[in-house]
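K.L.:
Chains as they are written, first to last, in the numbering used here: chain R, 1 to 307; chain L, 308 to 614.
Hints were generated in silico from the structure; no laboratory data involved.
A few of these clues could be false.
Simulated crosslink set (EDC-like; lysine to aspartate or glutamate; CA at most 20 Å straight-line) [what the hints assert, rightly or not]:
| # | chain 1 | residue 1 | chain 2 | residue 2 |
| --- | --- | --- | --- | --- |
| 1 | R | Lys-6 | R | Glu-301 |
| 2 | R | Lys-49 | R | Glu-301 |
| 3 | R | Lys-195 | L | Glu-498 |
| 4 | R | Lys-186 | L | Glu-498 |
| 5 | L | Lys-313 | L | Asp-388 |
| 6 | R | Lys-196 | L | Asp-355 |
| 7 | L | Lys-582 | L | Glu-608 |
| 8 | L | Lys-582 | L | Glu-597 |
| 9 | R | Lys-195 | L | Asp-466 |
| 10 | R | Lys-275 | R | Glu-290 |
| 11 | L | Lys-367 | L | Asp-388 |
| 12 | L | Lys-607 | L | Asp-576 |
| 13 | L | Lys-582 | L | Glu-545 |
| 14 | R | Lys-300 | R | Glu-110 |
| 15 | L | Lys-503 | R | Glu-217 |
| 16 | R | Lys-300 | R | Glu-270 |
| 17 | L | Lys-493 | R | Glu-191 |
| 18 | L | Lys-582 | L | Glu-524 |
| 19 | L | Lys-607 | L | Glu-417 |
| 20 | L | Lys-367 | L | Asp-349 |
| 21 | L | Lys-502 | R | Glu-217 |
| 22 | R | Lys-275 | R | Glu-217 |
| 23 | L | Lys-437 | L | Asp-466 |
| 24 | R | Lys-300 | R | Asp-269 |
| 25 | L | Lys-607 | L | Asp-522 |
| 26 | R | Lys-60 | R | Asp-48 |
| 27 | L | Lys-502 | R | Glu-191 |
| 28 | R | Lys-196 | L | Glu-498 |
| 29 | R | Lys-6 | R | Asp-81 |
| 30 | R | Lys-195 | L | Asp-490 |
| 31 | L | Lys-502 | R | Asp-159 |
| 32 | R | Lys-130 | R | Glu-59 |
| 33 | L | Lys-503 | R | Asp-159 |
| 34 | L | Lys-437 | L | Glu-498 |
| 35 | R | Lys-300 | R | Asp-215 |
| 36 | L | Lys-502 | L | Asp-490 |
2 protein chains.
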Amino acid sequence: MPKTLKIFSPATVANVACGFDVLGFALNHPGDEISIALSDGDAIVLHDKTPYSLPLLPEKNATAVALQAMLNALQSRQGFDITFLSKIMPGSGVGSSAASSAAGVFGANELLGRPFTRRQLVEFAMQGEKAASGSAHADNVAPALMGGFTLVRSYTPLDVIPIPSPPIFAAVVHPQIEVRTSDSRKILRQEVPIKKAVEQWGNVAGLVAGLFTNDYELISRSLHDVIVEPVRALLIPEFYAIKQAAIDAGALGCSISGSGPSIFALSRDEETAQKVAQAMRYGFDRVGIENHLFVSPINKEGVRVSE
Amino acid sequence: MPKTLKIFSPATVANVACGFDVLGFALNHPGDEISIALSDGDAIVLHDKTPYSLPLLPEKNATAVALQAMLNALQSRQGFDITFLSKIMPGSGVGSSAASSAAGVFGANELLGRPFTRRQLVEFAMQGEKAASGSAHADNVAPALMGGFTLVRSYTPLDVIPIPSPPIFAAVVHPQIEVRTSDSRKILRQEVPIKKAVEQWGNVAGLVAGLFTNDYELISRSLHDVIVEPVRALLIPEFYAIKQAAIDAGALGCSISGSGPSIFALSRDEETAQKVAQAMRYGFDRVGIENHLFVSPINKEGVRVSE
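Looking at chain R on its own, in the form it has when it is part of the complex (with noise of 0.2 Å):
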């Protein structure tokens, strides 16, 4: 068994329009690198060569963190030591933390020997997530450990369910303005109205129907958020001229990352995806807000042994 393993966990997209707090999708690029190593002490050891100040107590690292409910479920002391890579820009909103969490559960279950399978890593992993941002999602850790899209559809139980899709390329565009998880969630309505409520549901039923069957038609008249984006996209400077041009360079559909500050755009094909990404950027460069942009399709795989 390898003692030291580089390990890549990419970076996610959650809610993919209409399925708020339930949907996700993996991107091959950005993604976190970690690397991991048993150690002879019980330690979780924390090594940052980032440029992002990582929290290094184990207990405030969603590494750690997630690494730990592991440890606990295993009943185990084991140590190891980790040293951080490459980061995902924390904040961005295409599931930062989650790769985090995803990395140092996935590397250290291959190090251990695959007690648990990807799926059942998804609850230790909420835990770090928990650590980053004050709630135990699984929107974004589900497709970081499973690859491709993924629906949780129940917390209590958890059940995560993978869902197939054809081809499709994602274009990311994240603006250099800091929006919070915890503020953006605070902005929300604890209420909804039903007829709204029913138009998501709808949807997210079509979403799902079109990535079954491969209908990009029925995939793109899906792609709408009528709960969150309309109150969310008030963060995001130039938000729904952005969207409109994503739409108009051939997007499927375009609408926020997770709780933002990035916004992502849907494409059939890699060509489309580009000049969707091109127009996108051009309407925060046009009004002076710096931003980086990443083009990918979707990732299948999940969290992978690197090296």
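Assemble the complex: chain R is given as a structure, and chain L must be docked to it using the hints.
P.N.:
For chain L alone, kept in the frame of chain R given last:
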């Protein structure tokens, strides 16, 4: 072209637990039977051979209203003679008015050489629903016309998606109590907690995924309604006892059919569905509520020419 047709139009179960206002499926029986013929005049003339004293003024009769909507779209002044031969009991909650609406437009469409697809007929049949219940719903007329499970993803524009399914058997028990569709809509809350809405669309997505993958366990886990059933159950005596009895007898799930008072349960084979039906019936029998029982596979074909 034949001048007279007999049409069988199936009963339908709308909502299907989690899919309030968007999901429905068709049954093999009960159903409406009509005969329909082209006439020499330009009026829709109605004859009633059922025991239900159906409204025979064309502007109050669901079949005639739906047919008139279709004729308007064709700019046709063709007249029809329609005889209602047998009828699902009105107010049962298994799509009685939808069956009537579907029968008329389907029969006329056949007699006129099929100017419309079944899916296109949904829009006209919805007008019959509106005449009967005050609301132009499609969640019963869509499965009545198209068969199988259907998803009404959107009303504006109308977007009806057929959802495939593995073999599934429905047991439906109709207690002889009156619940008006308009009353059962009035008691619904206009606002719902977002947490419950998320739970509901997780289940809707799970149910659709389960139907696509023939995953009976997933179908079963997804057949929960946390929004509408808790309110409407108040109108149906013994609801929770009967639901528990259905589950105990092996049903995948059990909830209210449409706006009630009928209760439906789904099972993976006919033998189980028969046991479930008896368990449900007993729930009403033991408190002296008269009831009718139906056991049927999912009807894959929808409304059809029966003779």
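K.L.:
What are the numbers of the hints that this structure violates, sorted from low to high?
P.N.:
2, 6, 7, 15, 21, 34 and 36
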